[in-house]
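One-letter residues, chain by chain:
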Amino acid sequence: MGKALHKVTTAFADGRGLRAAVLVTVALGLVLPIAAGLWQTTRAGLGVLPAIGATELSLRPFVDLIALPGFSSALRLTLVTGLVASALSLVLAVGVCAAMHGRISPRASGRLLTPFLAAPHAAMAIGLVFLLSPSGWIARALAPLAGWDRPPLWASVNDPAGFALILGLMVKEVPFLLLVILSALSQIPLRQHLAAGRSLGYGRGIVWIKVIMPQVWPLIRLPVMVVLAYSLSVVDMALILGPSHPPTLAVLLLRLFTAPDIAMLLLASAGALMQALLVAAAFALLWVLERVGRAIGRWWVRRGGRRSSVEPGLWLATGLAALLFAAGALAMLSLLIWSLAWRWSWPGMLPESWSLRAWSTPGGGWAAALGNTVILAAATTAVSLALAIAWLEGEDRARRARSGWAEALIYLPLLVPQIGFLFGLNVLFLRLGLSGGYLAVIWAQALFVFPYVMIALSDPWRALDPRLARAAGSLGAGPWRRLFTIKLPVLMTPILTAAAIGIAVSVAQYLPTLFMGAGRIATLTTEAVTLSSASDRRVTGVYATLQTVLPFAAYGAAFLIPALVHRNRRALLPGGAT
Amino acid sequence: MTLELQAVAVTPKGGVALFPAISLAVQPGQVATVMGPSGIGKSTLLDAIAGHLAHGFTLSGSIRLDGIDITPLPPEARRVGLMFQDAVLFPHLTVGDNLAFGLVRRIRGWAERRAAVEAALSRAGLCGLYDRDPATLSGGQRSRAALMRTLLAEPRALLLDEPFSKLDATLRADLRTFTFDHIRNRAIPALMVTHDPADAKAAAGPVIDLTTDG
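Chains X and U are the protein sequences, given in the same order. Numbering-wise (our numbering), the first sequence opens with residue 1 and increments by one. Numbering-wise (our numbering), the second sequence opens with residue 1 and increments by one.
Derived from the structure by calculation, the hints contain no laboratory data. A portion of the hints provided could be inaccurate.
What the hints assert, rightly or not - Below are the EDC-like pairs computed for lysine to aspartate or glutamate, each with C-alpha atoms no more than 20 Å apart in a straight line:
hint: 1; chain 1: U; residue 1: Lys13; chain 2: X; residue 2: Asp396
hint: 2; chain 1: U; residue 1: Lys166; chain 2: X; residue 2: Asp465
hint: 3; chain 1: X; residue 1: Lys487; chain 2: U; residue 2: Glu76
One chain only, chain U, in its complex shape:
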C-alpha cells in the first residue's frame, strides 16, 4: 500500500493556497513528515486527506491510496486512520468500548470481538483497563489506547497530527517508538505533521518542510 500526494494544495474561498503544492509518495511502513510552524495549514492538509475539509476550502491535486484516487470518497469509506494531538477518546464509552468502536466489522461474535480488543489492550500495556473511564487514564495511556483504536479499524494509511507534542520528553520518546514500530509491523504508509524536528528525525522518512524562508 502506498500513499501518493500529487500537487496537493488547499485553498480557502477567494484566498491563496495555504501552502505550496505538495507531491509525495509514502511507502508501506514508512513515516513521512510535514514540518512547519503552527498556523500554516498542516492540520488542514490532514483534514483534506482524511476527508474532513471544512466548507469553503477547495482541495486541488490528487490523493491516491494504492493508485486509487480517494478524494471523491466520504471519510468513512477512505479507511485513513487519524491520530490527534490529544487522544480524542470518546468520553461516553469505556476504554475497551472505544477500541471496540474502531474494531473492523469483519471480526464477528461477542467473544471474538472482546478477545480482539483485550489483545490490543495488552499490546498497548493497558491490560485490565477495558471498563475504565477514558478520562481517568494518563496522557500516555490515552495516546496508546487511541493508536490501538485506530489500528483495530485496519486503516490503509495513517495520519498523525502532532501526536506527541503534549507529552513530556521521556514519554514522548517511548510513544514515538511504540507508534512507529506498530506502523512498520502493519506495513502501512503514515504521514505525520509536526513542528518538532526530533519527531521528523525519529520517523526517518521523507521530510517536507513548509517553513517559509524569511
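Chain X extracted, bound-state conformation:
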C-alpha cells in the first residue's frame, strides 16, 4: 500500500461543530442545573442556606425532620405506595403483553394506549376522585342495589393506606409500561422464539417468562426505573388521591417547602435528600432483585419443567388491566360531565340539569391559565425538539452509534426525583434573578420534556433508511440540505408525535411550574391541583378537562397533519410499503 496509505477517519471532519454545540447545550442546560440543584439542596439539608441566615453546617435538619410527627408514617406510605404501584404495574403490563400480543394489532394497541398516555397525571387523579369518592359514579351505581339513600362513609380516596394513590399511579403507569414493552418486543424475533419454545412443549405463558422476558428486560430496565422514581416521588397525584394525615414524603416536603416558617426550608431540604436516597435505594433493590431473579430463572430453565401453566394468571392480569383502563376512561369522561353539570344530586348517574356556566367565565381564570399552559408547552417543546434533532443529526454526521453514558444522560432528569433538586435549582435561579419568570419555568420544564422527546424520536430516526441521505449526498446535497429536504420531511410523522409527547409532558408538569414560577405563573395543572382539594367540582372539571384536551389535540394534530400532507405518498402513510 506504500505511501498511498492514508487513513480517512471522516468522523472528526464532519459535524464536529454541531456535536460540540449539542454537548455544551446539554452540559450547561441539563446536567449543570441538576447538579447545581442537588448541590444547593444538599447544602441546605446540612444547615447552610445563607439566604435565611443559616450558615452553620450540621445534621440538625435531619434530626428535626425525623422528629416531626408523622414522618415515619410518611416514609412507610411512600415506600408502600411507590413500590407496590411500580411492581403491580410491571406485572400487569407483562401479563397483558403475554396474553394479548399477536391478538391485537400494533396500530390498534397504539390507538388504545394514546389517550391514557396523553392525559396529565393531575387530570386523571381528579377524574378518579369523581369516580371513586363516596359521592362518585361507582357509589352512585351501587346505591340502588345497596339501598343507600346518602353517600356511604367510605374513605375511598385519600384513604390512609394509600390504595387510591396506588390505583391512580397504576392507571398511568400500566399504559406507559405496555408501550415500552411493545416497543422492546419489536426489537426481538418474538414470533420465532415463541414458536420454538412452544414446539418444545412449553405453554405460551411459560415461554414468555423463560424466553421472552429475559430478552425484554434489558430493553425496559431504564423505563422501569423511571416508573419507580416517579412513583416514589410523585407530588400532584399524591396531593389529590393520597392520604393527607400523614401524607407521603413528597407531599410532606412540599408542605415544608411552602410553610410560612422559613426555617422549615432546612428540614425540607434534608427531606429532599432523603427522597433522593430513597429512590437510589429502590434502584439498588431493583439491581439485587435482578441478580436474584437471574439466578432463580437459570435454575428454573435448567430444570426444564413444562407442566406448570400460568395462563390463568395471564388472564387475571388482563382482566385487572381492563378494569384499570375502564376506570381511567370513566375518570376522563367524568371530568367533562362535571364541567357541564348544573344540578347533579345523589344518586343520579347523570346531572339533572346542564349548564355552560363554568365554561362561560374565561376571565375567571381558566383563559389566563390556558394561555400560560400553551405558551410554556410550545416553548419547551420547540426547545426540546430542536435539541433532540441537533443531537440525532450530530450522531448521523459522526456516523457512530450512541454511547451508553449518553443514553444514561438522557434519562438522568427522569431518574432523579424532581423534589430532590428543584428547590436547590430555584435558590440558584433566585440568585440569577430568573425565578418567577417564564424563562425559569421553561428551563425547568424542558429538563423533563427533552428526555421524552429524545426517547420518542431516537428509534424512528435510527430506523430511517440511511440510503436516502446517501443518495441525496451523492446527488450533490450537503449535510444541511440532506437534513432539511430529505430527513425532516420523511420523518414528519415521528417528529410530530414526539412534539405531541413533549406537549403532553409540559402540560402535566406541576412541581417545576410551582417552584420556578414562584406561584406567579398559573397553569391549568397548578390551578387544577389547587382547586381539587376544596372548591366547586364544576370549576375543577373545566380546568381538568382543558388539561386533558390540550395533549389530545396535540396527538390529534400529530395524526392528522401527516395524513393530510402525505395523502398522496403511500410509502409514508401508516402501513405503507418502504
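Chain X is already provided as a structure; the job is to place chain U on it using the hints.
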C-alpha cells in the same frame, strides 16, 4: 474521465481487511464489475468510493477520478453517482421532484429545469409521470427514474450496487441494456458490484472476482 482504484482496501476497527486490496482502472464509458458472494464487503467498497464509509472502518489506498484523489472530499463534492438495489427514490417527493432534486444547479429558471426533468422522464419512458407518487411506480419504472435522477446530477463516475437483482429476468435484461447504454453515451466510468455472472457478462468490462477459493 477515468476512475482509478489503487490498492483500495477497507478494514474494520481492530479487524482484518474485508477483501484483498483492489487495483483497477475504469475507462470512460466502461462498466467494471466486482463479483463476489454477499457479505464480503462489496457494498462497503462502494460506500468507501462514494464517501459514506461508516465510523470504525478505515480506507487505505487511493481513489482517483481524472487523476485527482477524491478520498478527502465529502460525498456531496465527489460527484460520484450511486445506484442501489431498490431504487431509493425519496418517498416524500413526486417522481419529477426526485429528478429535480438531482438536476445540477447549473440549469437555472423554473421552465428550463422543468423541461430538463420532463426530457429525462421521456428518455426513461416515464412520460407524464412527473406528479406521481414514487410508491405507485413499478419496479422497472422506479429503477429507470433513479438512474435518471443520478444522471441529471452529471456525475463523473457511477457506482451500481446490485442494481438489477430485485427485478425479474426479462425486465433485468431490458434495464441492463438501458443502463449500460446511458453510461456509454455519457462516457463516464462505472463500477458495478454483483453476484450475478450474467451482469458481469453484459457489462463487458474488466471483472474482479472476490470469491475466495474454498
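Structure versus earlier hints, numbers of those that do not hold, lowest first: none
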